[in-house]
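What follows is the residue order along each chain.
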Amino acid sequence: MASIQRTSPMDIAVSGMRAQSRRMRVISTNIANVSTSKGPDGEAYRRKLVELASDPTGQVRIEQIATDTATPFRRVFEPSNPDAAEDGYVEMPNVDLPVELINLTEASRSYQANAAVMKRYIEMVDLTTELLK
Amino acid sequence: MTKQANMIDLLSAGIRGASVRQKVIAGNIANAETPGFKRRVVEFEKALAKAMDRGDGLDGPVETKVQALAEGRTDATGNNVDLEVEIGELVQNGANYKAYMRILNNVYKQMETAMTVQ
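Read top to bottom, the protein sequences are chains A and B.
In terms of our numbering, the first sequence opens at residue 6 and continues consecutively.
In terms of our numbering, the second sequence opens at residue 554 and continues consecutively.
By construction, these hints were calculated from the structure, which means they are not laboratory data.
A portion of the hints provided could be inaccurate.
[Claimed, not checked] Using 25 Å as the maximum straight-line C-alpha spacing, the simulated SDA-like pairs for lysine to any residue come out as follows: (1) B:LYS618 to A:ASP16; (2) A:LYS138 to B:ILE568; (3) A:LYS138 to B:TYR661; (4) B:LYS651 to A:THR12; (5) A:LYS124 to B:ASN646; (6) A:LYS138 to B:ARG569; (7) A:LYS124 to B:ALA585; (8) A:LYS124 to B:MET654; (9) A:LYS138 to B:LEU564; (10) B:LYS651 to A:LEU132; (11) A:LYS53 to B:GLY625; (12) A:LYS53 to B:GLY631; (13) B:LYS591 to A:MET29; (14) A:LYS124 to B:VAL638; (15) B:LYS591 to A:ILE70.
Note that this is a predicted model, so its numbers are computed, not measured.
Work out the full structure, taking the sequences as your base and the hints as a guide.
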């Protein structure tokens, strides 16, 4: 049976690094699409979120890439925009740059923390190996 | 008495497996951006354990299997190499290799001690 006792700290750290790098990729998509008024479905781009879940093994896994439908679109007055409605307003993505940048910092810090765990663990293993000298 | 696999044979099987694995991981990392590339893994521990269970010693090298894995998340080109996973394996494999080497060194040192007893 897969349990946390049987999982190497190495695998747990790797799962964390994978999850955070995936998160970073999604955040960069959000930032790149901050002004995309026309997505593939004709609507403005909706920000994406990574949903993480914990495994019985202690590893983290990516549950799904969710779409933020709760936050409303930003409305910008831009009558000359071909995507503008009758009243001259254009629906812009529900991406908030400061929020994305905070999440980006958090993702990269978490990645660093997982890498630090990996490094420390291997230092511990190395220490044990030194006893064999 | 059944023939027991000697320590040096076991260690050399481990060292051989770990060095093949090192090369395979390096190949995976090198191909992280190759369209359609599937990551490869090395399997030798099971064969080694089986050979040890038979208890008739290791006759010849332990089978080292290299196989491409199709599972896992793939990118748009079908490549399923994840840099984080490969680095984790690389570090773990390096630690194993070092441990085998140290133990082998100890076995040789023991022999040397036995030979120099006056």
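Structure-based check of all given hints:
no., hint, verdict
1, B:LYS618 to A:ASP16, "22 Å, holds"
2, A:LYS138 to B:ILE568, "17 Å, holds"
3, A:LYS138 to B:TYR661, "12 Å, holds"
4, B:LYS651 to A:THR12, "21 Å, holds"
5, A:LYS124 to B:ASN646, "14 Å, holds"
6, A:LYS138 to B:ARG569, "21 Å, holds"
7, A:LYS124 to B:ALA585, "22 Å, holds"
8, A:LYS124 to B:MET654, "21 Å, holds"
9, A:LYS138 to B:LEU564, "16 Å, holds"
10, B:LYS651 to A:LEU132, "11 Å, holds"
11, A:LYS53 to B:GLY625, "22 Å, holds"
12, A:LYS53 to B:GLY631, "23 Å, holds"
13, B:LYS591 to A:MET29, "23 Å, holds"
14, A:LYS124 to B:VAL638, "14 Å, holds"
15, B:LYS591 to A:ILE70, "24 Å, holds"
Consistency with the previously given hints is maintained throughout, with no hint failing.
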